[in-house]
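Residues per chain are reported as follows:
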Amino acid sequence: MGKSRRSFNASRRDIIFATLLVTPALAVLVSLSIYPLLYSIQIALQTDGPTGPTWNLANFRRLAGDNFFFAALAHTFIYSIVALTFEFVLGFGLALILNSTIRGQKVFRAALLIPMMIPAVVVGVVWRLMLNPNFGAVNGVLRQLGINTEQLTWTAAPRLALAAVIAVDVWQWTPFVFLVLLAGLQAIPQEPYEAARVDGSNALQTFRHVTLPLLKPAILIVLLLRTMDLLRVFDQIFILTEGGPGFATETVSLYIYRAAFRFSDFGYAAAMSFVLLIITNLISTVYIRLLQSREDVA
Amino acid sequence: MRPNQSQVIGKYLVLGVALVLAIAPFYWMLTMSLKREVDQFANPPRWLFFSPTLEHYYEAFVIQSFIQYLITSAVVAVAATAAALVLGTLAAYSLARFELPWRLDRKLSLWILSTRMFPAIVTAVPLFLMMRDLGLLDTRLSLIIVYTGFNLPFVVWMMRGFFVEVPRDLEEAAMVDGDSRLGALWRVVLPLVAPGLAATAVFCLIVSWNEFLFALVLTQTDQAMTLPVGIAGRVTQYEIKWGIMSAAGAVAIIPVLAFALAAQKYLVRGLSLGAVKG
Chain A
1 MGKSRRSFNA
11 SRRDIIFATL
21 LVTPALAVLV
31 SLSIYPLLYS
41 IQIALQTDGP
51 TGPTWNLANF
61 RRLAGDNFFF
71 AALAHTFIYS
81 IVALTFEFVL
91 GFGLALILNS
101 TIRGQKVFRA
111 ALLIPMMIPA
121 VVVGVVWRLM
131 LNPNFGAVNG
141 VLRQLGINTE
151 QLTWTAAPRL
161 ALAAVIAVDV
171 WQWTPFVFLV
181 LLAGLQAIPQ
191 EPYEAARVDG
201 SNALQTFRHV
211 TLPLLKPAIL
221 IVLLLRTMDL
231 LRVFDQIFIL
241 TEGGPGFATE
251 TVSLYIYRAA
261 FRFSDFGYAA
271 AMSFVLLIIT
281 NLISTVYIRL
291 LQSREDVA
Chain B
1001 MRPNQSQVIG
1011 KYLVLGVALV
1021 LAIAPFYWML
1031 TMSLKREVDQ
1041 FANPPRWLFF
1051 SPTLEHYYEA
1061 FVIQSFIQYL
1071 ITSAVVAVAA
1081 TAAALVLGTL
1091 AAYSLARFEL
1101 PWRLDRKLSL
1111 WILSTRMFPA
1121 IVTAVPLFLM
1131 MRDLGLLDTR
1141 LSLIIVYTGF
1151 NLPFVVWMMR
1161 GFFVEVPRDL
1171 EEAAMVDGDS
1181 RLGALWRVVL
1191 PLVAPGLAAT
1201 AVFCLIVSWN
1211 EFLFALVLTQ
1221 TDQAMTLPVG
1231 IAGRVTQYEI
1241 KWGIMSAAGA
1251 VAIIPVLAFA
1261 LAAQKYLVRG
1271 LSLGAVKG
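Chain order of the listed sequences is A and B.
Residue numbering for the first sequence follows this note's numbering, beginning at 1 and increasing consecutively.
Residue numbering for the second sequence follows this note's numbering, beginning at 1001 and increasing consecutively.
Misleading hints may appear alongside valid ones.
[Claimed, not checked] Partner residues are not named here, just some residues of chain B that face chain A (Cβ under 10 Å, in silico):
id: 1; residue: F1026
id: 2; residue: V1062
id: 3; residue: I1063
id: 4; residue: I1067
id: 5; residue: I1121
id: 6; residue: G1149
id: 7; residue: A1198
id: 8; residue: I1206
id: 9; residue: L1216
id: 10; residue: V1229
id: 11; residue: I1253
Bear in mind the hints are in silico, worked out from the structure with no lab data behind them.
Here a beta-carbon is modelled for each residue, glycine too, at the ideal position from N, C-alpha and C.
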């Protein structure tokens, strides 16, 4: 057997064949992701001068002094950290509670699919209806409980709007964390648990020394995928608040969108998108390092 | 450890609350799509008792252009899924089966995955300019091209996982019997991974159907708008037509629900890009 059982021992003909199969896909990916990135660098670094376009750092200098950009960045971080925390704690909690065969599990799983599978635009519509201060169901129910809802204008209130859009994200994506972690829990074999019981571990010790280490890959993947999605959040906020009221829920993606497609300021939008790209790359690199170090130990 | 009665009751209580929280907002939208205006703005809210009407569905899909958005969404999703499946499956087979020099097979796989991690807005700006230069703005073709690129990394990773699980002896036997390598892939391997292929297709369809940012950026008029963009256009107008919006939203989620239920078995695997095999 070779070093890896899944692969053929590639002859020269095989290598040519393999290359031919990969090439079309690579060509598409290069023209739809590498080329646009290079193009983006070009428009970020070029500004129109009196003698045609010149290369300079004007867009990046402007960015460094743009308080709105940093405010949008701050909103994005707050949004991501708070939403991720709630989604992880709630999703993990639900997975631990339900990690045993109970009746009706299939129905429950199917129902929880709904929020995360439907178009984000529809999620926005659903919650605009729910959170409408006058006829929305949320305030309607609160009023029936005898609560004064005059101040609770949700997405129209500067102080509440960010919390409201975060809550909608938590509503939509907690099921995702739950489903992946539940699958991870159910893939853990019984033997380590029996060994822990023989050793006389209590529930907390078993959780710390058996469940957590074995679940670590699934946890890291769920955190990685959620973080990447949260940092680029656009759709629901666009529908729910369009970044408002004022600037209260403006995230980086919305701010870039506005610069490019409302004000046709493509160079500046490209410069900002690079900052976003670098941030997401740094964060995903940390996650992937953690994942790989885990595999080396195992 | 036998779970005692209060533990079981507690579990079902948690379940029940989670279920209501997940479903109630959709139910509310559904009622809004079926209510006359008097009932829509009623206080306290009417959850159950109102006289239903289909007028908003009629208005959206017969009088306004939502039927056209629906058709565009379907055409774009199916075409982009088909293209990504063909290109991605071939690439996945190659990356799963052959060791390329300098471990290029592994490096390429990781690079392909990394293209999916880009925030969409980063490529939206240059892709808009590229499509403008090509004269493809406001066409279905531009969306089909972009969504194909969007779906490709996903197809490669999912299908690579499925191919790795097929023992290679089967292909070698077929090749001894005189099949070419491509023939063995077509006649022996593909039938074995057919369920995985179907699940992958379903995921691509859902992602393409739901996509919003690129559709918003690349289309402007009714001729190329997808359903999410059509809905969004009605939301941000001066006067919001709640009934029409709800009716369109309700219709937009039907195919997604059907597909998601069909692919439930592979759901976790798909959602985690093949990393967690649920």
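To see whether the hints hold, each was checked on the structure:
1. Below 10 Å, beta-carbon pairs count as interface contacts, and B/F1026 has one with chain A at about 6 Å; its hint therefore holds.
2. For B/V1062, the suggested interface contact is broken, since its CB lies about 20 Å from the closest CB of chain A, more than 10 Å.
3. Violation of the interface hint for B/I1063 is found here, the shortest Cβ-Cβ separation to chain A being roughly 20 Å, above the 10 Å cut-off.
4. For B/I1067, the shortest C-beta to C-beta distance to chain A is roughly 17 Å, which exceeds 10 Å, and the interface hint is violated.
5. Interface hint status for B/I1121: upheld, as the beta-carbon distance to the closest one in chain A is roughly 4 Å, under 10 Å.
6. Because the closest C-beta pair between B/G1149 and chain A is about 3 Å apart, less than 10 Å, the hint holds.
7. At about 17 Å, the closest approach between the beta carbon of B/A1198 and any beta carbon in chain A exceeds 10 Å, and the interface hint on this residue is violated.
8. At about 6 Å, the closest approach between the beta carbon of B/I1206 and any beta carbon in chain A falls short of 10 Å, and the interface hint on this residue holds.
9. Among the interface hints, the one on B/L1216 holds; its C-beta lies about 8 Å from the nearest C-beta in chain A, closer than the 10 Å criterion.
10. The beta carbon of B/V1229 comes within 8 Å of a beta carbon in chain A, closer than 10 Å, and the hint placing it at the interface holds.
11. Using the Cβ-Cβ criterion of 10 Å, the hint placing B/I1253 at the interface with chain A is satisfied: the shortest such distance is roughly 4 Å.
Going through the hint list in order, the structure does not satisfy hints 2, 3, 4 and 7.
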